[in-house]
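Undergrad: Sequence:
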Amino acid sequence: MLNPPPAPEPDDADLAALLLIRHVELALLRLFGEGLVSGTTHTCLGQEYVPVALAPLLGATDMVFSNHRGHGHYLALTGDAEGLLAEVLGRQGAVCGGAGGSQHLYTGGFLSTGVQGESLPVAVGAALRRARDGAGALALAFVGDGTWGEGAVYEALNLAALWRAPLVVLVEHNGIAQSTPTERQLAGSIGARAAAFGIAHHRSSTSEVTELRAELAPLLEQVRSGGGPLVVELDVPRLGPHSKGDDTRGAGELAELGARDWYRARAGASEERFAAWDAKQSALVDALVAEVLSRPPSDGRARAASAAPRLTPVPPPSAPAGPERVAENLNRALHELMAADPSVHLLGEDVSDPYGGAFKVTRGLSTRFGERVRSTPLSEGAITGVGAGLALAGERAVVEMMFGDFVTLAFDQLVNFAAKSVSMYGRRVPVPLLVRCPVGGRRGYGATHSQSPQKHLMGVPDLDLYELSPFHDAVPLVRHALSTGNPSVLFEDKVLYAERRFTGDTVDEVLHWRLDGGSALGTAVVGPAGVERPDAVVIAPGGLARRAVGALRSLLLEDELCVRLLVPARLYPLDADRLAELCGRAPAVVVVEDGTPGAGWGTEVAQALHTRLWSVLRAPVRVLTAADRPVPAAPHLEDEVFVRNEDIRRAVRALAEQASTERASAEHASTERMSAEHASTERGEER
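Sequential numbering of the sequence shown, starting at 1, is according to UniProt numbering.
Check the hints yourself; a few may be wrong.
[Unchecked claim] Distance ranges between label pairs, derived from CB positions:
hint	residue 1	residue 2	range
1	350	293	53 to 59 Å
2	408	217	22 to 28 Å
3	59	283	30 to 36 Å
4	286	411	41 to 47 Å
[As the list claims (entries may be wrong)] EDC-like mimics (lysine to aspartate or glutamate), calculated; alpha carbons at most 20 Å apart, straight line:
hint	residue 1	residue 2
5	360	336
6	360	350
7	360	324
8	280	82
Derived by calculation from the structure, the hints in this document are not laboratory data. Using N, Cα and C, we set each Cβ at its ideal position, and we do this for glycine too.
Please put together the full structure from these sequences, using the hints given.
TA: Right, here's the structure in full:
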């Protein structure tokens, strides 16, 4: 039998890239040992040949998603050792300003994130954007074998297969996930799992750059030409620990892996040529390390990067043709937005015609806008990630949760990816994503379809929270939410959908209203006309506004109390200064929400007002919430859980009485003090 011909030697570019990655990784381990690298760092020792083989097969319009072990991927695709070292060492010139560190790197076509499986749904969104261009571009996501325990992987593969997205999932299979052998974590095989979705699978164990590139080139071309997604599984050695020194493998196993190291085999190059390049790249990295360490600490500003998507302005909305119900207003908002901006996509369960969404808010959209509207499987986490991927790729995305309760299934994509992407990549990546959440009860749906989960998303940096009310127009509100560059959530109380919006400037014969500042985000100010200093203030968002209006009317007509209602459109970030001003020096404030007690929006508002109005308030701010239990299905039991008109009225009346008593007591004490001072002065004059 003839011996196979020897593999061709790698060219200079491949050899230089391989050795650059190796010496950067060795330098980072050394620097960590010297206490100069904080946190953690995951090296790709032994796996460098994978991204080097791939790099020439990827174009400028492709998008690459990497993971916690992504230094080699970044260096092979960008060659930017200086930016990477500065980022990990927290020095000026850092590619993400030092905010990303070892695991979170971004340049226009490359992004890495540290949460396993998180990037796959995002990559599906980016792939859809590239498919829409029709230029043969693709998205490629690196994952490890341990990632196949994550549910996000299967949600993403299902969507990619259904939509034939140009997605390549590249699995670096090294047989161990952190410290646990893969055979103890992965049932079956990766190939069988890909096949279950009808996705093509290719497995290779070569460590030769040119050979691997030749294997992958036709496979990637098939994806580019519309062949659907692809899973590539590569058997690769991981020579180093998971991170730093946490390696539980024995000496024999490590020696066996070391024997497969391309570095030991000189990557197939001649000894002399390999030694020359090895010395050159080692010296280059040493010089870069010394130069980067001489720089001042990073100031948090990212180095300029190319290809960061920019948001285009959205044309102004039109006026409604006549009175609208809240659901009709939302439907018009989506129609006008998608007509005005072809970059807007809508994703959600059963949102297409003829169904048009569980609450009929998306009627007519799929008929009018085609594949920009996609009904999805039950995959709340994945569709939120897809929306984030579309947004990251320069589009805008609206994701509908069928019920707001299910937003907890998308928590990782919202909190750990979409919101953090705004700042952890150096504030260069706008993420115009809006997640719509129908919330609240009074529909008899029971505990898992009736919650008000707003508080669970409060306080997340760069995640904006809004709540629709009958006083706010959804058209400018939705447009605003998609123009800030921050991901956002719009809460919509289900009981409002069938109700008519308030228009004009009157609620009824005794109550008037206005939008503070006249903007879409303005707080609605409701109350008797001409009252400068109300007896009390009620602050209630969303669907609670209707109940609060009923309480205001009773308080005015039956209790002779002039009460002001404030209905904010934005829950977070809270404009506490302006909210305090709108309280108009009222001595009593009641904050109302439909969430359960404890660490809620109402508590946040109360704390903010206490710090700003302590010299004005005559009683502590009262917070009314739903009962501290799940929402029952039976109507009479459900009614006991939520705040009612009468609850608001009773709380305001009690607080106003307490404030009046406190004021009278303070005035009496002031009078006595003045009398005492006057008497003291008179005695002094007599002496």
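Undergrad: Would you mind marking each hint as holding or not holding in the structure?
TA: Cross-check of the supplied hints:
1. 350 / 293: 53 to 59 Å: About 56 Å separates the Cβ atoms of residue 350 and residue 293, which means 53 to 59 Å holds.
2. 408 / 217: 22 to 28 Å: violated, 43 Å
3. 59 / 283: 30 to 36 Å: Holds: the Cβ-Cβ distance is about 32 Å, inside 30 to 36 Å.
4. 286 / 411: 41 to 47 Å: About 44 Å separates the Cβ atoms of residue 286 and residue 411, which means 41 to 47 Å holds.
5. 360 / 336: holds, 16 Å
6. 360 / 350: holds, 10 Å
7. 360 / 324: Since the Cα atoms of residue 360 and residue 324 sit roughly 14 Å apart, the hinted pair holds (cutoff 20 Å).
8. 280 / 82: holds, 16 Å
The earlier numbered hint that this structure contradicts is number 2, and it is the only one.
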